[in-house]
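Enquirer: Listed here are the chains, written in short residue letters.
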Amino acid sequence: MDRIPILKMGRFLLVTIQVDMHDRLALALQDDLTQRIVKEGTRGVLIDISSLEIVDSFIGRVLGNIAAMSRVLDAETVVVGMQPAVAITLVELGLSLPGVRTALNVERGMELLRASLDELSYPEVDGYAE
Amino acid sequence: MATRSETRPLRSEEDVVYSRQAVRSWAVEMGFSLIDQTKLVTAASELARNTVVYGGGGTLRLEQLEEGIRRGLRLVFDDQGPGIPDIERALQDGFTSGGGLGLGLGGARRLVNEFHIRSAPGEGTSITVVKWK
Amino acid sequence: MPEVSAIQAVLAEDEARLLDDWMREQFAASNVRRDLMSDAELRQQSAEFLAVLRTAVQTGRLDSVAGPEWAPVRDVLSSISRSRALQGFSPSETARFVFSLKQPLFTRLREQVPPERLADEIWGASSILDALGLHTTEFYQKSREEVIARQQQELLELSTPVVKVWDGVVAVPLIGTLDSARTQVVMENLLGRIVENEASVAIIDITGVPTVDTLVAQHLIKTVAAARLMGAECIISGIRPQIAQTIVHLGVVLEDVTTKASLADAILLALRKTGFTVTRIQPRA
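Protein chains in written order, with the numbering used here: chain H, 1 to 130; chain S, 1001 to 1133; chain X, 2001 to 2285.
Bear in mind the hints are in silico, worked out from the structure with no lab data behind them.
Treat the numbers as computed from the prediction; the structure is a model and nothing was measured.
Please note that a few of the clues may not be correct.
Unchecked claim - BS3-like mimics (lysine-lysine), calculated; alpha carbons at most 27 Å apart, straight line:
#1 Lys-2260/X - Lys-2222/X
#2 Lys-1133/S - Lys-2222/X
#3 Lys-1133/S - Lys-2142/X
#4 Lys-2273/X - Lys-2260/X
Said to hold, decoys possible - Just the calculated beta-carbon pair ranges, DEER-fashion:
#5 Gln-35/H - Tyr-1054/S: 23 to 31 Å
#6 Leu-2155/X - Gln-35/H: 48 to 56 Å
#7 Gly-1068/S - Asp-2120/X: 31 to 39 Å
#8 Leu-2134/X - Val-1028/S: 23 to 31 Å
#9 Gly-41/H - Gln-2151/X: 54 to 62 Å
#10 Ile-1087/S - Val-2253/X: 23 to 31 Å
#11 Arg-24/H - Ile-2175/X: 48 to 56 Å
#12 Ile-2175/X - Glu-40/H: 47 to 55 Å
Here a beta-carbon is modelled for each residue, glycine too, at the ideal position from N, C-alpha and C.
So that you can see chain H by itself, here it is in the shape it has in the complex:
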């Protein structure tokens, strides 16, 4: 079975979903991502759905699960590029994807991840040498 490729981009992982996924494929992605997060020690995951013309409740739940699982593994997830028609339909369906951060595109998503990680990282302790 084909699996959705996961790319490493600097300190983040990038997933670009371009196919109409059947349920098994989405669940495989969930598994693969959690494994990669642990393997790479990644702190941020970007999921690009700008090519997805349909996000139904199953995919919505998978995205929510990925965000929740990543958080347990100390990583932030940002879903980017949701198409307007998809957003309107999801709202109508009653799915708000709680716990899933969003951005307009990959670039903005990375800025978001960087900003939140920098905020969270401990400040450098200044040690003055004599």
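Using the hints, position chains S and X against chain H.
Expert: Using the frame of chain H, we list chains S and X on its own:
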């Protein structure tokens, strides 16, 4: 009055994807707006999945409707599965509610113009939705 | 119905003369619209119709014009109806275009068909032309509806423009009463512009809106939710006291939505959110 119709099997996850594509293609051909296409395909995806997962497999019938000037797309989801015990409750259930079936019927209903459901324990389920152009 | 119908023969053998007779018939009519269409154009339309009619009659059934062999005829008629509708012809004028072929056609049939078959042949030819004439009125209807729908859409879009305030900030100032249809168009428009402008903040200003009902309030909330799913944040500004009261009274929940009293406040907030600040570089005069 139905001017064109097609019946497709809903037995596997792949069938759910194929029916999404079929509904999309019919909706595009009939000239639905992008938003309406998206709503139709999404509703179809929900209902098709229910048929496969909860209903034990069944069929989807697509029908092009013409009533005078107005045109519509009708989708009928049939299965011979266990049936839905409390339809009212199923229609109100959200997707993540603990006790309910989580079928998302209420959500799917909001995406279409007409929604009819016939179901009873042991008698299978038949759901018909229509979206007018 | 005889194997080879006389109408097939008439159309096959003598198309040129039939066309001339038909043109004479059309020009002689008191209602020819020379103000809307030139003689040359009318002749061209007639010739085109006769040509596809001849082919269809050869290959297709003669008791119905719905089959696939008649598709070219229906297509030619639909494009003729559409262009005539745009030019300003009334639907009966366009239908008469088809019906006017009857007289020259019947004349030919009378010349060629033996008397005992004549009635059937004329009836057959008449039925075909009647069905085609009725088709033109349906196509006409549809074209007009398309024009009206498109005009309505354009009006809706024009009356609710989305403007770019600054990099990454767009605003839509709503003016006048909002109804469900209009709010939906605004919603779709706004979301599209957010993508186009790569905006992360969208300001919806309702200073110019006198009243808001539950449906409209719900549409606004849905817009805010959809924008958030796309990665943009909305600020609703210009909420009048009366509207605030209505919203609370109707039980509409606005908790997740940022609101500002004035557009100016909203713009300032939006700029801050996108990393900008406004600094005075000249003392006030």
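Enquirer: For each hint, tell me whether it holds in the structure or not.
Expert: Here is how each hint holds up against the structure:
1. Lys-2260/X - Lys-2222/X: Holds. Lys-2260/X to Lys-2222/X sits at ~18 Å (cutoff 27 Å).
2. Lys-1133/S - Lys-2222/X: Roughly 22 Å between the alpha carbons, so the hint for Lys-1133/S and Lys-2222/X holds.
3. Lys-1133/S - Lys-2142/X: Roughly 13 Å separates the two Cα atoms, so the pair holds.
4. Lys-2273/X - Lys-2260/X: holds, 14 Å
5. Gln-35/H - Tyr-1054/S: 23 to 31 Å: holds, 30 Å
6. Leu-2155/X - Gln-35/H: 48 to 56 Å: holds, 54 Å
7. Gly-1068/S - Asp-2120/X: 31 to 39 Å: holds, 33 Å
8. Leu-2134/X - Val-1028/S: 23 to 31 Å: Holds - the Cβ-Cβ distance for Leu-2134/X and Val-1028/S, about 29 Å, lies within 23 to 31 Å.
9. Gly-41/H - Gln-2151/X: 54 to 62 Å: Hint holds: Cβ distance 59 Å, inside 54 to 62 Å.
10. Ile-1087/S - Val-2253/X: 23 to 31 Å: holds, 28 Å
11. Arg-24/H - Ile-2175/X: 48 to 56 Å: holds, 51 Å
12. Ile-2175/X - Glu-40/H: 47 to 55 Å: holds, 52 Å
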